[in-house]
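Colleague: Going down the list, the protein sequences come from chains A, B, C and D.
0 is the number of the first residue of the first sequence in numbering that gives the first Met the number 0; add one for each residue after it.
0 is the number of the first residue of the second sequence in numbering that gives the first Met the number 0; add one for each residue after it.
0 is the number of the first residue of the third sequence in numbering that gives the first Met the number 0; add one for each residue after it.
0 is the number of the first residue of the fourth sequence in numbering that gives the first Met the number 0; add one for each residue after it.
Fair warning: there could be bad hints in the mix.
The list treats identical chains as interchangeable, and a pair is accepted whether it falls inside one copy or across any two copies.
[What the hints assert, rightly or not] Below, computed lysine-lysine pairings styled on DSBU-like, alpha-carbon distance capped at 35 Å:
#, residue 1, residue 2
1, 81, 48
2, 181, 53
3, 81, 53
4, 146, 81
5, 48, 82
6, 81, 25
7, 53, 11
Rather than coming from a laboratory, the hints here were simulated on the basis of the structure.
What follows is each chain in one-letter form.
4 protein chains.
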Amino acid sequence: MTENIKKNWREKIHEIIYEADTPAGKLFDVVLLILIILSIIFVMMESVKGLSEKMYDFLLYAEWIITIFFTIEYIARVISIKKATSYIFSFYGIIDLLSTIPLYLSFFILGSNALLTVRALRLLRVFRILKITRYIGEANKLTRALKDSRPKILVFLFAVLVLCIIMGTLMYIVEGEESGFKNIPVSVYWCIVTLTTVGFGDIAPVTPLGQLIAAIIMIMGYGIIAVPTGIVSAEYAANKKTIPLRNNTQVCSNCNEDKHQNDAKYCHNCGYTLFNE
Amino acid sequence: MTENIKKNWREKIHEIIYEADTPAGKLFDVVLLILIILSIIFVMMESVKGLSEKMYDFLLYAEWIITIFFTIEYIARVISIKKATSYIFSFYGIIDLLSTIPLYLSFFILGSNALLTVRALRLLRVFRILKITRYIGEANKLTRALKDSRPKILVFLFAVLVLCIIMGTLMYIVEGEESGFKNIPVSVYWCIVTLTTVGFGDIAPVTPLGQLIAAIIMIMGYGIIAVPTGIVSAEYAANKKTIPLRNNTQVCSNCNEDKHQNDAKYCHNCGYTLFNE
Amino acid sequence: MTENIKKNWREKIHEIIYEADTPAGKLFDVVLLILIILSIIFVMMESVKGLSEKMYDFLLYAEWIITIFFTIEYIARVISIKKATSYIFSFYGIIDLLSTIPLYLSFFILGSNALLTVRALRLLRVFRILKITRYIGEANKLTRALKDSRPKILVFLFAVLVLCIIMGTLMYIVEGEESGFKNIPVSVYWCIVTLTTVGFGDIAPVTPLGQLIAAIIMIMGYGIIAVPTGIVSAEYAANKKTIPLRNNTQVCSNCNEDKHQNDAKYCHNCGYTLFNE
Amino acid sequence: MTENIKKNWREKIHEIIYEADTPAGKLFDVVLLILIILSIIFVMMESVKGLSEKMYDFLLYAEWIITIFFTIEYIARVISIKKATSYIFSFYGIIDLLSTIPLYLSFFILGSNALLTVRALRLLRVFRILKITRYIGEANKLTRALKDSRPKILVFLFAVLVLCIIMGTLMYIVEGEESGFKNIPVSVYWCIVTLTTVGFGDIAPVTPLGQLIAAIIMIMGYGIIAVPTGIVSAEYAANKKTIPLRNNTQVCSNCNEDKHQNDAKYCHNCGYTLFNE
Chain A
0 MTENIKKNWR
10 EKIHEIIYEA
20 DTPAGKLFDV
30 VLLILIILSI
40 IFVMMESVKG
50 LSEKMYDFLL
60 YAEWIITIFF
70 TIEYIARVIS
80 IKKATSYIFS
90 FYGIIDLLST
100 IPLYLSFFIL
110 GSNALLTVRA
120 LRLLRVFRIL
130 KITRYIGEAN
140 KLTRALKDSR
150 PKILVFLFAV
160 LVLCIIMGTL
170 MYIVEGEESG
180 FKNIPVSVYW
190 CIVTLTTVGF
200 GDIAPVTPLG
210 QLIAAIIMIM
220 GYGIIAVPTG
230 IVSAEYAANK
240 KTIPLRNNTQ
250 VCSNCNEDKH
260 QNDAKYCHNC
270 GYTLFNE
Chain B
0 MTENIKKNWR
10 EKIHEIIYEA
20 DTPAGKLFDV
30 VLLILIILSI
40 IFVMMESVKG
50 LSEKMYDFLL
60 YAEWIITIFF
70 TIEYIARVIS
80 IKKATSYIFS
90 FYGIIDLLST
100 IPLYLSFFIL
110 GSNALLTVRA
120 LRLLRVFRIL
130 KITRYIGEAN
140 KLTRALKDSR
150 PKILVFLFAV
160 LVLCIIMGTL
170 MYIVEGEESG
180 FKNIPVSVYW
190 CIVTLTTVGF
200 GDIAPVTPLG
210 QLIAAIIMIM
220 GYGIIAVPTG
230 IVSAEYAANK
240 KTIPLRNNTQ
250 VCSNCNEDKH
260 QNDAKYCHNC
270 GYTLFNE
Chain C
0 MTENIKKNWR
10 EKIHEIIYEA
20 DTPAGKLFDV
30 VLLILIILSI
40 IFVMMESVKG
50 LSEKMYDFLL
60 YAEWIITIFF
70 TIEYIARVIS
80 IKKATSYIFS
90 FYGIIDLLST
100 IPLYLSFFIL
110 GSNALLTVRA
120 LRLLRVFRIL
130 KITRYIGEAN
140 KLTRALKDSR
150 PKILVFLFAV
160 LVLCIIMGTL
170 MYIVEGEESG
180 FKNIPVSVYW
190 CIVTLTTVGF
200 GDIAPVTPLG
210 QLIAAIIMIM
220 GYGIIAVPTG
230 IVSAEYAANK
240 KTIPLRNNTQ
250 VCSNCNEDKH
260 QNDAKYCHNC
270 GYTLFNE
Chain D
0 MTENIKKNWR
10 EKIHEIIYEA
20 DTPAGKLFDV
30 VLLILIILSI
40 IFVMMESVKG
50 LSEKMYDFLL
60 YAEWIITIFF
70 TIEYIARVIS
80 IKKATSYIFS
90 FYGIIDLLST
100 IPLYLSFFIL
110 GSNALLTVRA
120 LRLLRVFRIL
130 KITRYIGEAN
140 KLTRALKDSR
150 PKILVFLFAV
160 LVLCIIMGTL
170 MYIVEGEESG
180 FKNIPVSVYW
190 CIVTLTTVGF
200 GDIAPVTPLG
210 QLIAAIIMIM
220 GYGIIAVPTG
230 IVSAEYAANK
240 KTIPLRNNTQ
250 VCSNCNEDKH
260 QNDAKYCHNC
270 GYTLFNE
């Protein structure tokens, strides 16, 4: 009997925390989202000189309240799921842990609470909360197009890197230290800055030959940018119609699997019952 | 009888102001366009030191003449339409109002007439005036491709923002205040400047680790730019043939609805007669 | 008889100068190309301090020799064609004239010979000389894709310009003169620099609000760049297979029309005989 | 008999060095890859002041050990292949030679060992070592899309160059030497920096007319970037399905030909037996 009640109690927490189908679940998610955003704003404000001194007490208390809430939420997430490890070692599990630890660490290590902005990653939860069929579908399509393009993009980035090492060394030899190209790593850095068309201008070639090579690098960068764009375009156009939408926010309380079919009654991963009240 | 004459008088003004099919309507639109462009040039000239002192009197009078014309035009637009509110609260209605108010406000608030450049938005009227089938069709296609891509672009921009918050904080921790990364918001700003490949160079990393992270951000930015391009490309290619052109410049004098079929005789929104003389 | 000989003489010059099918015509074109490139290099060298003083005499003579050759060539082009006006007022006719005049003008106006680099435009003749089927075909395809995209690109650029005027004025109001935004035209210029992701960094926002707006402009620019790319991509993909290649270098000696079919015997414009020896 | 043994001995070396199908061949390739990467890191470290002084002895010995290994490997490659010239004059043959010579040269010429980073090109061997079907396929597709786009890209780059020469000269005339546009080549360099949206900011226009022209160049650059992207997109999409994958790492020991079919037993180039043990 007690076992049964405990199970129900755990299932209810699971429903509130992990899902967004019930009013309580939705409310929880909205509160969580607001706290995440507030927390990021507070960490940012803390880094601003002048502002942080004026509002020192407020920011300190606010940080602690939010962190304690996040800690409770983390514990609740761990105990409300059957296989705790499937949550703890998941992407969100690690992010959730990392978003609470830094403040506790700040007792021992100075400046570690700047790491609190890792909480920004928690913002990704927003997509589940909004639960707008369209938006989740779009994110899925985007993710899949990117995933399909990954090997090509890696090959491309590798080629760009080799090119930057070669051209960077060449610029180091041509321009020398007095122009700001003080060693090969810095020259390679400059070459990446130039090839990607960022162009800070803190380092710039001054010799005619250096400027000629720089011009060649720029025109190459200008032409090369077409490659990833072409790849993603083609992949995206090919994927456009073939992806079935899955926008069910149900999460299996046993194995933490999500992305169930809209009308799923059992988890497609472990067969456990889904709670579609 | 008087009612009838008044109605005709209002309909004539409506035809001149809102439409571009008759010679009078075309002339009005061209005069309006020239005044809008002149007005923007005058506001710009006013802001240029030296020039504004030499031409002070001329600019002052010119501004007032144009503003009075715009005010009369605004009133004429309001009274010549049946449902005045449908114009007043429309996009152009608000722009038209905002383009007259600042100068009157300049009696009370210093510098408010710089806001007059909001008139630039009125330039968008040019598309209706030119009434070139092709151009309106192109604008429609572009607008529709952008509208269809909106959810994807929003998801994309959101991901970029989260990335910039994370990387910006990282750079703040790595580089510190002496390199110009004086607080997290500034670091996030720098990260946006770098990821979008703008690269002002007013802030630039100086430590080897900072330059390594910057290089990673740049290469990510270089690869990420492929995503919106791919999306718009695919949407645009998909829409290319499916959009019917609508280039009728008729505007219903009752409900202010435009975008009627070329051979429409009655407003498709309220059933009011369109004046196709 | 004399008339006939003269006609033949004119036709021969026409063949050598305007066409690239015969050995003499090819040789002429190659010599012309080399002279154009040399001429550009000499004008560039002249602008380099130190270099120009050392080589003053050489550069002066070289310039004059090339200019006299170009002048003779221009006269030969005019007299060897039936309807001289069809050449004189064509694109190449004007370029050819402009590439000779500046040096003669340099007797009267100082520095006018810097305009000699207009000769660079003559380099476009290279495509006819190379007469590589593939390259001409590619250039035609590119030109046609760009021509088809023109109305869209114009609408797009107009929208970008209106956006830059609005945002530039906003930045002028927010940042003010002490940050380098000294008047509205400069602010609009800065906005174009930022939106196109060039980012010189000579002017950069310093206030938090200014940096926020700048960040928005950059992200807009980053997203907006997708639009022209998408347009050209789609147009280019659509045109890819539908363009017949025309790589005949024959030019009608009567009306100066080119782009004849490969097996054309008569000018498709005026019916005059083409000389396909 | 001895002839036979020698042949077997040469074939074994060939198998280890040129192929990646056997455990010994794989091990050799991995060791080679690690040495290449280490060698590049050492050359980079050598260029960093302070670091190079502290670790002088270590870096010197490391460089020599790696170079001697590369030299032995080069000799082994030459003697283990039937037609030595087919390797010596191939792309990798030249790279392999260039990656050993600079250190020997450093006895005679100061600073020549900076050229050792040419070894980075050897990294391209990694694709053969990894032997991941997918990655090689992707690299082939990319290479082919780029190869197909080459004539178009050349035409495009040529047009960009002519544009930069014209606009650069114009800026030289408009801005003059006091703004940093000290001669035409520098102005052309600046124009390339601007058109490719790099924008270092070491040179920037200061006169209103110069800024207007710069704005036009930027917007052109912003629009022009669409062209190579569109080309590569279209080519890539067209090629997507038509390329058969070839991921056999076998290299003919007679003629050095690679890219054999997966089930090839004889070299498709010279008919020599392939060793598919």
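Colleague: Are the hints correct? Go through all of them and say.
Modeller: Hint by hint, here is what the structure shows:
no. : hint     : verdict
1   : 81 x 48  : neither (46 Å within a copy, 57 Å between copies)
2   : 181 x 53 : between (42 Å within a copy, 17 Å between copies)
3   : 81 x 53  : neither (46 Å within a copy, 56 Å between copies)
4   : 146 x 81 : within (30 Å within a copy, 44 Å between copies)
5   : 48 x 82  : neither (45 Å within a copy, 54 Å between copies)
6   : 81 x 25  : within (22 Å within a copy, 44 Å between copies)
7   : 53 x 11  : neither (43 Å within a copy, 63 Å between copies)
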